[in-house]
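Student: For this one, chain Y is given, so just place chain A on it according to the hints.
Read top to bottom, the protein sequences are chains Y and A. Numbering (this note's numbering) for the first sequence: 1 to 244. Numbering (this note's numbering) for the second sequence: 245 to 671.
The reader is advised that the hints may include incorrect statements.
[Unchecked claim] Covered stretches of chain Y, going by a simulated chain A footprint (3 or more residues, C-beta under 8 Å): (1) 4-18; (2) 215-227.
[Said to hold, decoys possible] Pairs of lysine to aspartate or glutamate, DMTMM-like flavour, derived with a Cα cap of 20 Å: (3) K250(A) <-> E15(Y); (4) K352(A) <-> E222(Y); (5) K250(A) <-> E71(Y); (6) K26(Y) <-> E257(A); (7) K250(A) <-> D64(Y); (8) K250(A) <-> E223(Y); (9) K352(A) <-> E223(Y); (10) K409(A) <-> D445(A); (11) K309(A) <-> D571(A); (12) K26(Y) <-> E260(A); (13) K26(Y) <-> E258(A); (14) K495(A) <-> E460(A); (15) K26(Y) <-> E249(A).
Simulated from the structure, these hints should not be mistaken for laboratory data. Each residue gets a CB set at the ideal place from its N, CA and C atoms; glycine is no exception.
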Amino acid sequence: MLRVRSLRAGYGDIEVLHGVSLHVDKGEIVTIVGANGAGKSTLLSSIAGVVRPDGGSVAFDGSDITALPAEPVVSRGCVLVPEGRQIFSALSVRENLILGAYLRCRKSGKRSVEADVKKIMAMFPILERRSAQSAGTLSGGEQQMLALGRALMARPALLMLDEPSIGLAPLVVREILDVIVRLRSEGTTVLLVEQNARAALSISDRGYVMETGRIMLEGTAEELSGNHDVRRSYLGKEYRRIDE
Amino acid sequence: MMWNEKYEAMPREELEQVQLERLQATLHRVERNVAFYRQAFGAHDVRTDDVRELSDLSLLPFTTKDDLRRSYPYDLFAVPLRDVVRIQSTSGTTGTPVVVGYTRNDLKSWAECVARVLAAGGMTEHDVVQVAFTYGLFSGGFGLHAGAERIGASVIPASTGSLEKQVRIMKDFKTTALACTPSYALAIAAAAEEMGITPADLHVKTGYFGAEPWSEGLRTLLEEKLGITALDNYGLTEVLGPGVSFECGQKSGLHVNEDCFILEVVHPLTGKPVPDGQEGELVLTTISKEGFPMIRYRTGDLGSVSRGPCQCGRTFARMTRVRGRIDDMIILGAVKVFPSQVEEIVTGEKDLSPHFLIVLDRQDGIDQMTVTVETAGPETAESAGAHLSRRIEAVLGVTCRVELVGPGSLARAGEGKTRRVVDKRRI
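So here's chain A without its partners, still in its complex pose:
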C-alpha cells in the first residue's frame, strides 16, 4: 500500500526532474547560508552553478562524520535558530554528538517519509502502533511517532524500558504494529516467552525494525517468535532520522524516498561512484530539508543500489539491506567479516541462542577470532560449538574458536543497539 502514489510511483524522468530542481535549490541555499559548505565548495574549486545534471553531484566534496562533529552544535544549520522548531541529536557514544535541527516544514516532510515506511507494511488508521524506540534526543522515537500519527494510527509512545511492561502493553493495549530495533524486539520476544505469552495471545501483525543492521536469519527468528511480518527500514539522524528508505511487501530491497534524498554508492577508499549493483559506501544528499541539509554525507554503511522496477509498483531506487558499517568490518588477515554475517550463521543453529559476542585478539603475532555464544538450553551438546566453528569457516572463510556459555550469560541490548564485537588487538 502506497502512502503517496504521486511520488512513490512517479515515472523516473519526472522524478529525476524533481530531484534536479531540489538539488540545485538545496545547493544554492547551503552555499549562501552555511559557511562550512561555502568553504568546502571553494576549497574543492566547484561552484553550485556547475551542477547541471544529477551526475554532477559527484563534483562536490563529501561531508564526513568528523565534519559534523567539528560543527557541534549548530554550525551546519542552514536557517536561523528561531526557525528551528525541533532539535535532535545522536547519542555521542563514539565521540561528540551530532546535533540536527528541523523547521516546521522539515517536520511535516519527516512525518510524510515515515508514513510511507509504515504504509508500505500495510499500516492504516485502524492500527495500534507501539513505538518502542527511545523517546528523547534520539530521532527514532519521535520519527516513528510522527509517521504513525500522520497515518492516523493509534500511537503508543512506549519508548524503551522494562521489557515486561512492553509485553504487557503489547498484549493489553492490543498492539498491531511494533516499531523498535531488532535486538530490542528479540529481547521483547524472549520476555514474552518467559511470561508465557505466545503469538496467539497477541494482536501484533507487523514489525518495523531498524536503526542497526540485522540479518535475514534474525528476521526469520523474529517472525517466528512474534508471529509477525518483519520489515526493515533505514535512516540516520544526520540525514533525517528514520524514513530514508524502507522495505515493501516484496522484501527485495529498501525503497529510497528519492524525492527527498539522492543516494550514491561510492568506493569506501577512493570515494569514486561505483556501478549499480556493486557494493560500496552509501552516500546521502538531502534535497528537501531546510534546517539541516546534508550534501554527500558518507554514512559509513555498506550496501548497493538497484534502479530496476519493483513488483510493488514503486519507481524509487532500492538499496540492499545494510550489510554492516565500515567501522564494524572485522579484518582478520586477508579476510573481511561483518558481525551481521556471523549473526546470520548463529541464528541458523537451533541449539544456540542468537546472542553472541565476537572477541578479536592477537596471539604470537597472529589475529584470532573467538565467538562466544549462548546455548539455547541445557541440552545443547559440546559438539554444537565445533559445528558452529566449521560452519563459520565454510561460509566466511575464517577460522575461529567457539566458546559456549550458558543462556543469559552475555549482556543484553539495553535500549537499542547491540555491541557484538570486542577488539582487543588495539594497543
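Here chain Y stands alone, though its shape is the one from the complex:
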C-alpha cells in the first residue's frame, strides 16, 4: 500500500532524513520506533505532503505521491494524525469531527458526513458525551480520541499516527492502542510512530528502528522485541515480558 524508497527530506539546509526506505502492506500495523530527534515526525510529514522531500520516492497504492502537497495525499486515503493532536481548540468536538471530512463533503454529500459523525461517536462514546463542548476543554486522552476520530472522518485507507501516546497516562495509552487494533480489524492499515516502543510493538506486525534520520533495523514486532539493542535502548534495560 505504501512504499517509501530512499527518502531524503529536511528543513532548509538541514537534511533530517538521509535515505529512508520502508513499506506498509494492506492490513498491517507497522511501527517506527525511535528516540526524540530521530526524524520520525519528519518522515510522516514528508509522506503526508506537509514537507516536500528532496530525494527518493513515495508510492501510495501504486501511484507516485512524492511531490504531492497535503490535500491530494489525504484525498487518496493517506491521512495523518499529527503529533500533539492539533485539534481546533476553539471549535466544538462535533465541529472538529465534521472538519475531518472537509475534502470529502462536496463529493460525498452532507448526509454521508453526518452518518460518519454518528459512527465515530459510537466508536468513541466520550466524544458523543462532549459533542458540544469546545475541544480545548478535553483531557489529553480525549483529545487524542478526537484527533483520531477526525482523521477517520476522511475515510483513510492508511492512517498515520505520530506519537499518539505522548503525554498520556498508561491506561489511556492502552485504550488508544485498543482502538488502533480495532481499526485494523475493520480494514484500516496503520503506520504508527512511537517513542513508547513497548506499547507500539505490542500491537504491531512489523517495525522499523530509526536513528538520526536512518533506518537501523527492521523486522517483525517479535524480532525487534527480541533484539538486544532494541531492548536496551527502547524497552528498558531490565525489560522482561510477563510471559518470558
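Tutor: Frame of chain Y; chain A shown alone:
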C-alpha cells in the same frame, strides 16, 4: 513445496523493496558497529547514505577471506559478545579460521532458511532426517539440524564417523532423508553395498548434499546407488552456513534466499559486475543478519545467476551449481580446468570408480597433468585408461596421462570434502 510462500513467491518489485530496506539498515548498522567496515567505506570514499538503489551496492568495497582472517576472532562481530548466543567457525585448514557469531534472531532466521532448503525437496514432519555433517564448529551439522527441526521432522544428529554406523542408522532408524557432503554420501553408498544393503532395504528418498562442488555425473551415481533424489544446496559459514541457496524439484539452478541475501556475480579479476547468465565469482551480502553481517563477500566460488521465473513458482533468482572454486581452478598452459569437470567425465565411465586424483607436475618446463583413477573392479581393461585420456582431451581440451590403480588405493574422504588435486608445480 514451499516453506514460506510469502517470501519465496514474492513479486519481484516487493522483494526488491524488502532487499533495499534491509540492505540500507544493515549498512547503517555495520558502519556504526564494525570498525573494519567504517574504515573500509571511508577508504573507499563512500557513505552508506549513498546507497539509494540496489545497484549502488557495487559502490561499496569487497570483503575478502583475508579480511576475515585478519579479524580473527571477533573483530567483525556487529553486536556485543553477550548478545551472541552461538559461535561457529570454519575449519582453518587453509589458514586462520574464520569465527562467526549468531544472535537469537540470527539462529531463528538460519533455521528458517534451511527449512526452505529441505521443504523444497518435499520434507515434512513425517520425515526422518539423518544429519551426517560434522556437528561442532563447522556450520553444516547444526545448520541442517535446526532447519529439519524447524520443519518438525525427526532429526537424527548422526554427525560423521563410522560408515558402517551410518548405514545401520539409515536402515534401522528408517531414515527418509540424508544430509551430508556428496563425497560422504558416496562413501556411505559404498559401505552399504559392502554390507549387502540395497536401496530396497532402505527408506531413504531424498538426499540433500552440499558443502563442496559436485557434478551431474556424481548426482546420477548417487541417485542410482541410494535410490534417491539428490538435491544440491549451497552455503558458507562466512555468510550463514547451509541455507544460502537450494535446488527445487526442477533441478534447474539453486534459488537464493533473496530476502536474506543479495547475490552479485563479478569478474574474478576486475571485480566488475557481469551480466546475468555470465559466469563469474559469486559475491554475497547478508541483509538480515545481526551478529555477523557480511558486505560483498567474495566467496571464491564460480557460477552465474539468472532471474527468470522458475516452474516451481519461486521468484527468487537462481544461481547455477557451483562449477568450482577459483582456487581449485587448474591452469595448464592456456587451458583452465576444474576438478568437477574431470569428475563429470570419470563418473561417466562404467569401468572406473568415481575416485580419482589429479596430479600436476612440470617436466622440462612443460605442465603435465596425470589423472590417477581407481578401476571399478578386476575386469577393467588397461584400455580404459587410454579411453579416459581421450575423453578428457575431447571434452576439456587438455592432454593428460591416466594411471589406473586398484579399487580402494586412493585415500577416501574422511568426514567431508575430498581433496582432488595435488599440485607439485609450486616450488
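Student: Against this structure, judge whether each hint is valid.
Tutor: Hints versus structure:
1. Given as covered by chain A, the stretch 4-18 of chain Y passes the check, having 3 residues with a CB less than 8 Å from a CB of that chain where 3 are the minimum.
2. Check on the stretch 215-227 of chain Y: 8 of its residues sit with their Cβ under 8 Å from a Cβ of chain A, so the three-residue criterion for coverage holds.
3. Pair hint K250(A) plus E15(Y) does not hold up; C-alpha atoms about 36 Å apart against a cutoff of 20 Å.
4. For the hint linking K352(A) to E222(Y), the alpha-carbon distance of about 11 Å falls within 20 Å, and the restraint holds.
5. Of the pairs offered as hints, the one joining K250(A) and E71(Y) is violated, with about 34 Å between alpha carbons and a cut-off of 20 Å exceeded.
6. Using a Cα cut-off of 20 Å, the hinted pair K26(Y) and E257(A) holds, with the two alpha carbons roughly 16 Å apart.
7. Taking the CA atoms of K250(A) and D64(Y), the gap is about 25 Å. The hint is violated against a cut of 20 Å.
8. Note on K250(A) and E223(Y): the hinted pairing holds, with a Cα-Cα distance of about 17 Å set against a maximum of 20 Å.
9. About 9 Å separates the Cα atoms of K352(A) and E223(Y), which keeps this hinted pair within 20 Å; it holds.
10. At roughly 15 Å between alpha-carbon atoms, K409(A) and D445(A) fall within 20 Å of each other, so this suggested pair holds.
11. A hinted pair counts as satisfied when its Cα atoms are at most 20 Å apart, and K309(A) with D571(A) qualifies at roughly 12 Å.
12. Note on K26(Y) and E260(A): the hinted pairing holds, with a Cα-Cα distance of about 18 Å set against a maximum of 20 Å.
13. In summary, the hint linking K26(Y) to E258(A) is supported, as the alpha carbons are separated by about 13 Å, within the 20 Å threshold.
14. For a cut-off of 20 Å, the pair hint linking K495(A) to E460(A) stands: about 10 Å separates their Cα positions.
15. A threshold of 20 Å between alpha carbons decides the hint, and for K26(Y) with E249(A) the separation of about 18 Å falls inside it, so the pair holds.
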